[in-house]
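Student: Protein chains in written order, with UniProt numbering: chain C, 1 to 250; chain R, 1 to 195.
Worth flagging that the hints you see were computed from the coordinates, not collected in a lab. Keep in mind it's a predicted model, so treat the numbers as computed, not measured. Watch out, some of these pointers could steer you wrong.
Restricting the straight-line Cα-Cα distance to at most 27 Å, the calculated cross-link-like pairs of lysine-lysine (DSS-like) are [unchecked claim]:
hint	chain 1	residue 1	chain 2	residue 2
1	C	Lys-152	C	Lys-133
2	C	Lys-151	C	Lys-133
3	C	Lys-60	C	Lys-13
4	C	Lys-189	C	Lys-179
5	C	Lys-158	R	Lys-103
6	C	Lys-13	C	Lys-146
7	C	Lys-133	C	Lys-158
8	R	Lys-111	C	Lys-189
9	C	Lys-133	C	Lys-189
10	C	Lys-158	R	Lys-111
11	C	Lys-189	C	Lys-146
12	C	Lys-152	R	Lys-111
In case you want the letters, here they are:
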Amino acid sequence: MLTKRIIPCLDIKDGRTVKGVNFVNIRDAGDPVELGARYAQEGADELVFLDISATNEQRKTFASLVRDIARHINIPFTVGGGISSVADVAPLLEAGADKVSINSAAVRNPGLIDELSRAFGAQCIVLAIDARKVDNAWVVHTHGGKNATDKKLFTWAKEGQERGAGEILFTSMDHDGTKAGFANDALSKLHALLQIPVIASGGAGGAEHFMDTFILGQADAALAASIFHFGEVKLPELKGYLRQRGISIR
Amino acid sequence: MKLVIIKYNAGNIQSVSFALERLGVDFTITDQAEVIQQADKVIFPGVGEASTTMQYLRDHKLDAVIRGLRQPVLGICLGMQLLCRHSEENDTPCLGIFEETVKRFEPQPDKKVPHMGWNNLTLTANSWLDPALENKFAYFVHSYYVPVYAHTSALTEYTVPFSAAMHRDNFYAVQFHPEKSAEAGVLVLQSFLNA
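The following block holds chain C by itself, in its conformation from the complex (with noise of 0.2 Å):
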């Protein structure tokens, strides 16, 4: 049987880990090849690496990191950050990346899916969505977070499928950092809507909000860094409660 995946999120800046680690026995925990390994190794399911770098100069070095990533873990990764042309993936995915995720790019440019999706397939094509409830709509905003756009979440994702996404990963911006739980009304009308999966992304707190995002919200994956940064919630114990509760885990 197919099974729910557990994905942690780790932000590089300037090829370390940011937005703080606090693992024991870890030698480096700004190390991204390292923090990622230890999360292959207690059961997640695939790894997002997200670049956050500020420049194209360090943007080069991503690369060779992913590279590296590729070497050292035997899980499927995905990496993101700025990417806005087939020129920009081509290196990526021959560094062993085996998805790419799309955003602001892709907002203003919704042709660069198509273009994507046809030189890479679908299959490696993520296509993340920041939103947040503006007057009861769903609004798409970029540059994390900070531009809104004329973008309802439903309608684009719907484009994202059909422009040959192979995956939507939703991060509700309501919900992120609250650690109350996934945006389930969102996700349950998505997966309705979709023919491909999606990934739920933002407001975990706790391993209860994991069930919660599989069964109400529908979710075919759940993304979270903080929580599993800072050892709020282990994986192998995760995996275990949504075992016992009868969510189908590996």
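The hints should help you fit chain R onto chain C, whose structure is shown.
Tutor: Below, chain R without anything else, positioned relative to chain C:
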């Protein structure tokens, strides 16, 4: 042992080679017919679309090379599908080692296509896969599948039971990605290296 990975326009050659590096196995990546033919074992990886990949193999005369191999060959993902007779993906004639036709998954309300993620393996009798792999999870990403038939070595269920692994004569194949399947993937690669 001389191990060769066939070099062509497949998307996962880097990941397969990293997985072999982690196992401490020496290998060569090549599209030279004579180097492939002289290898003790051959890995035929694959991520991509069937018709363009078959065209690439024909243009580089690798189709005849692969058909003629007598040493153990492991096809991975699209590599496994291309070893079949025909694929529904753009109505593509393939290499014909396995007689089956590759079919497309029919999406269902709760079964999205592609089949993407971790799913469990059920081994058939006399499977070439390590018995420790029974009911273990492997990582799949595919929209097309090979039905279960006489040469199936492991099956997985998604909308229908399908071939997760196959074996015929010197040809071995897996639909999932051993290079991305954590410890289970290591066991699969070792099963092939020991075959």
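Student: Each hint should be assessed against the structure and marked as holding or not.
Tutor: How the hints compare with the structure:
A distance of roughly 10 Å separates the Cα atoms of C:Lys-152 and C:Lys-133; the hinted pair therefore holds under the 27 Å criterion. This hinted pair checks out: C:Lys-151 and C:Lys-133 have alpha carbons roughly 12 Å apart, not beyond 27 Å. Between C:Lys-60 and C:Lys-13, the direct Cα distance comes to roughly 12 Å. Compliance with the 27 Å bound is thereby established for this hinted pair. Proximity of C:Lys-189 to C:Lys-179 is assessed by CA-CA distance (about 21 Å); at most 27 Å being required, the pair is judged to hold.
With a C-alpha separation of about 26 Å, the suggested pair C:Lys-158 and R:Lys-103 falls inside the 27 Å cut-off, and the hint holds. A hinted pair counts as satisfied when its Cα atoms are at most 27 Å apart, and C:Lys-13 with C:Lys-146 qualifies at roughly 19 Å. With a CA separation close to 18 Å, the supplied pair C:Lys-133 and C:Lys-158 stays within the 27 Å bound. Pair hint R:Lys-111 plus C:Lys-189 holds up; C-alpha atoms about 16 Å apart against a cutoff of 27 Å.
Distance hint between C:Lys-133 and C:Lys-189 is fulfilled; the C-alpha atoms sit about 14 Å from each other, no more than 27 Å. For the hint linking C:Lys-158 to R:Lys-111, the alpha-carbon distance of about 17 Å falls within 27 Å, and the restraint holds. Under the criterion of a C-alpha separation no larger than 27 Å, the hint pairing C:Lys-189 with C:Lys-146 is consistent with the structure, at around 25 Å. Proximity of C:Lys-152 to R:Lys-111 is assessed by CA-CA distance (about 26 Å); at most 27 Å being required, the pair is judged to hold.
Hint compliance for this structure: no hint is broken.
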